[in-house]
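Engineer: Protein chains in written order, with the working numbering: chain A, 1 to 97; chain B, 1 to 97; chain C, 1 to 774; chain D, 1 to 247.
Hints in this document: simulated from the structure, not taken from any laboratory.
Residues of chain C clear of chain D, computed beta-carbon distances all greater than 10 angstroms: (1) R28; (2) R60; (3) P137; (4) G203; (5) E357; (6) G562; (7) I590.
Across the chosen pairs, the derived CB separations fall in these ranges: (8) W327(C) - W34(D): 15 to 25 angstroms; (9) D53(B) - R22(A): 20 to 30 angstroms; (10) Q20(A) - D599(C): 53 to 63 angstroms; (11) D62(B) - A23(A): 17 to 27 angstroms.
Just so it is clear, CB atoms sit at the ideal spot from N, CA and C, and this is done for glycine as well.
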Amino acid sequence: MTSFRFAVNVTPKPGILDPQGRAVEGSLGHLGIVGVSAVRVGRRVELTVDGVDEPVARGVVDQLARELLSNPLIEAYTIEPIGATSSTTSTDAAGEG
Amino acid sequence: MTSFRFAVNVTPKPGILDPQGRAVEGSLGHLGIVGVSAVRVGRRVELTVDGVDEPVARGVVDQLARELLSNPLIEAYTIEPIGATSSTTSTDAAGEG
Amino acid sequence: MTVADVAVDLLHRRLGVTDEELDAIRDRLGGRDPNDLELAMFSVMWSEHCSYKSSKPLLRTLPTEGEGVVTGPGENAGVISIGDGLAVAFKIESHNHPSAVEPYQGAATGVGGILRDIFTMGARPIAILDALRFGDPADPRTRHLVDGVVRGVGGYGNCVGVPTVGGELVFDPSYAGNPLVNVMAIGLLHERQLTLASAPGPGNLVVLYGSATGRDGIGGASILASATFTHDDPSKRPSVQVGDPFAEKLLIEASLELIERGLVEGLQDLGAGGITCATSETADRAGTGIVVDLDAVPRREPGLAPFEVMISESQERMCAAVRPDRWLAVRDVCDRWGLPVAIIGRVTDDGDIAVVEGGLGPDGRPGPGSRELARVPAAAMTSDAIVHERVATPPVHRRGAPAPGAPAAVSDRLPERGMDPGAVLLALLGSANLSSRRTVYEQYDSTVGADTVAGPGRGAAVLRVKGTRKALVASTDGNHGVGLVDPWLGAALSVAEATRNVSITGARPLGVTNCLNYGDPTRPDAFWQLSEGVRGLGDACRALGLPVTGGNVSLYNEWPGGRIAPTPEIGVVGLLDDVATLVGPAFAHIGDSIVLVGDATPGLAGSAYAALAGVTTDDNPPNLDLAREAALQAFVREAIARGLVVSAQDVSGGGLAVALAECAMWGGLGARVRLSFVGSPAVDLFGESPSRLIATAAPTHAAALVLLARQYGLPVESIGAVGGDRLIIEPAASAAIGSSEGRGGQFADVLEVPIGELRHAWDDGLARSLGWES
Amino acid sequence: MPVRIGVVVFPGSNCDRDTIHALDLAGAEPVALWHERASLEGVAAVVLPGGFAYGDYLRAGVIARFSPIMRAVAAFANGGGLVLGICNGFQVLAEAGLVPGALLRNTSLRFAGQEVAIAAERADTAFTHALGVRRPLRMPVAHGEGCYYADEAALDQLERNRQVLFRYVDASGDNAGPGNPANPNGSLRAIAGVINAAGNVAGLMPHPERAAEAILGSDDGMGIVRSLVESAARVSGSAAPAGVGAR
Ligand SMILES: Nc1ncnc2c1ncn2[C@@H]1O[C@H](COP(=O)(O)OP(=O)(O)O)[C@@H](O)[C@H]1O
Ligand SMILES: [Mg+2]
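Please work from the sequences and hints to get the whole structure.
Structural biologist: Written as structure tokens, this is what we have:
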């Protein structure tokens, strides 16, 4: 068993209105920022998965992303391996459960 | 002027309580999922920036991430170029504005 | 824990412990020096917040006895019996400084903390009131704070399912660098389930349940971390306390179930001071001691130093004293609610708080190979903590309240020639402090619980008590404007207004809780403000026959730019025996007569009008006659009980004109009123003299109402009737003689504004001031 | 024998007691059903109450959807059993796919705690038959994620199938679409509640159980509660509830 760390990026599907993205675009003015557009606000979930190998672990993440982390009606997701940060982050949150 | 697309990943700082991550972890049993730990839930903001070159554009994103998209007291952020998805996503969201 | 590079005398100062206090600590340790862990424990327990070391001598002077009082100050919350075997628990507390640093989490954890004070006693929380104060609403910094604090209060209160039914939102420049976030909570309990914060019975288990412990809010003591670790690792830094309302909801249900089933001997929530505070206070109250098994404390992250575990302020944790034979039952309850639970110590008979590393044996004594890291008498950290006698000196230049009948100040002659009174009224109604608070309280769930008879927006909140005909009535009020000129009067006025808001519904005020927000007590002028404030609070409560059942003191409310106006925030809970008799402020029937009870006294200082017209607060404030205030409240309660009153509204911010405008807007009915100006139009229309109210009565009852007021020795006058679609206030003949010029700037112009215009000004005034789209 | 109606209690539910109180007033025998149970204990109907199940973390209702009892609720619903989701309960039903659509964050990005007016589109369902004539019903909303969403095609189909059960209406009684101040959350086509195609599962964002007694400012919600109780009594063959009403 090895531990793999992944990130699941969940973003509103194209066409779904995204009031948070709008709000960010709206407040750019106050910050004196120009040339920023197409802001979309979504979720990022980082997690550690134990598995015999990467594909198996990724399979678990995919089930989680499909069933829990995203709502297919309104959201799309991508899965991103972030092995590097694994060790540190997993200890940070170790006690959490 | 070129357009660059970035993602800003905002996650709770190590050691900061993450109620969402804890709730997700607590519910995994009900999904029959085992071997998942250290779940941290954050935000992902995707945006398009116009700039003469990548470093300049990234500078704008960094200011945005620092001053608007994250709360430095409890959150950390990373910036990730996602040029590839730029064209598509920006047109998707272009319809939004 | 030995610190090579930091000499101990230097360390204690860096922990905020003075040399004098270190000597006092040595005395309580039989002459020896405290070790670093013990010093950390003392530093949090002897903080102003935990020890009340500056305010104790003042608070002792407050009246605490009263009809039905079950528990008063000293417990987590005051408890007063309301009959039918039921009692109400209530308390107000501040979270000012955390909210200034991180408004959302500061406010959220403030709500969580006060709710724990309520259910710790066995009461189910039924209401929240949030009293908020900020600087200039046009300042972006203020807007950021308001937005964060309001989201924080809602984010927490809405999720735990306790309705936010009232509060305050006040803007004043003095709060620019130091906002005030005071939150009051109310709970309902069966008297037999009253649970106290004590750890009786040596041999009993000390059980910690709720969230795991992390490095939350270690605060100043964090320097121990940098002192303890060879290099200063940022991840060892204290972190902002983050609230988890979901965990709190589980904590409420689990705690109430534990109490209902009689599974705990005593219960204490963990707030400031964390495990150190919870163990020392419960042990001291029970005359016992506690040995803490450090290793048994559930951790959220690895590598916590002993002092971090002992003083961490991680949220959503509870500490219970449990009989060994009930442990399994307690564990099962916590398991079902998904809450981590652990035995973290034993109750002992030696009166000490001992901290042990390496585990306890089955007998509860330190096991073989275990180490005792600290041993401090529980009393030394609580009941026997140091008390400072601070110096209070009044400011050299000080204006008191004018004697009754004293000549009006120059500014009383405002508004100046030609200033249209209708325009003044609209400006007041639309102002940041007097306009509707809707945009704020609509972000709160004010109806969960299905008990809210009157929610936020129109005076006191009213909650029915299921299974009875009774209702609880609550209000918070704090007068800062007058307190700046005369802190005694400011505090007395706050009590007067909060209790009046309750009485005009027909309810009988039961008791008072208070949050004293003042400056640095080591500065004599600031301490004078505090001592005068406490004196005013006590005098007012005695005059009204009300006990002070609890409260909270928040000092050091200062910032580089200045210091806050002294702000005694008063919370009152009242009882209405039959909710069917409830009276509200809105005009109800065309043709009802409008009766004004009480009269205007000179003085505009501290009023909304003064702020608008630019009158300096150096002008006199209106005087308060406590005996008259008591008579007014007794009168209105009797009038309502006798069914003489259709609607009742007190005269407060913005004066009589604003009060009439509110009655009209809220009832959708206008009024025609004739006023004979005693002093000046400004004082009569916009002055905020206390002890006044507007009541409406059916024409057939008006005479009886007036007669009753006279019997109470109150000035009373029928001033007009309800009806029409506009508010019309015209000067009675006497005042209307001669030209405006001739009367030295006093106007005789009629005030006439359509209700629609009043509403337009009032409805969105706050959103406009804050620049919120609405 | 009053009809037994189950009220599911998830960790974080906070309107379960209010719902039980209202069902009680309507003459039913409410039964609290802990979310970890596998069975519904033979109740005649089920209510998923409001609150913040699992803190509404991640997405409102999504974590609760996986609680053990939801398997039983789904089976019960698919077998024609009456299920009503209120506020958070509506969100759970939507996440579980038992009613169509999704509930997004309020477009204001602020929690909406206010009184609204809604109108029933149908008086012929198990949840609305006791309402009588179509008139605005006043009751509170209290939610941060109540913006009803489905794509245009789905919305058209909902309307064709008469699956829109409640709409927000303004003072003049007109439907309050997104942008209308009488629409508290930006819901498309003013949708406040929907019903499944079979007509036995419904959800709405407003809180009828908080508007079931005149003393609370409105008893308009009682009509919805009473509809459910009477329908449940009919299917379970229990005697029609006695002393129904807000007093
Ligand atoms: N921050 C707040 N949260 C909830 N309700 C509030 C808040 N601020 C004011 N309110 C409500 O708005 C109304 C007006 O407040 P205030 O002017 O202090 O009332 P009063 O003049 O009757 O004391 C009251 O019902 C009060 O409870
Ligand atoms: Mg007030």
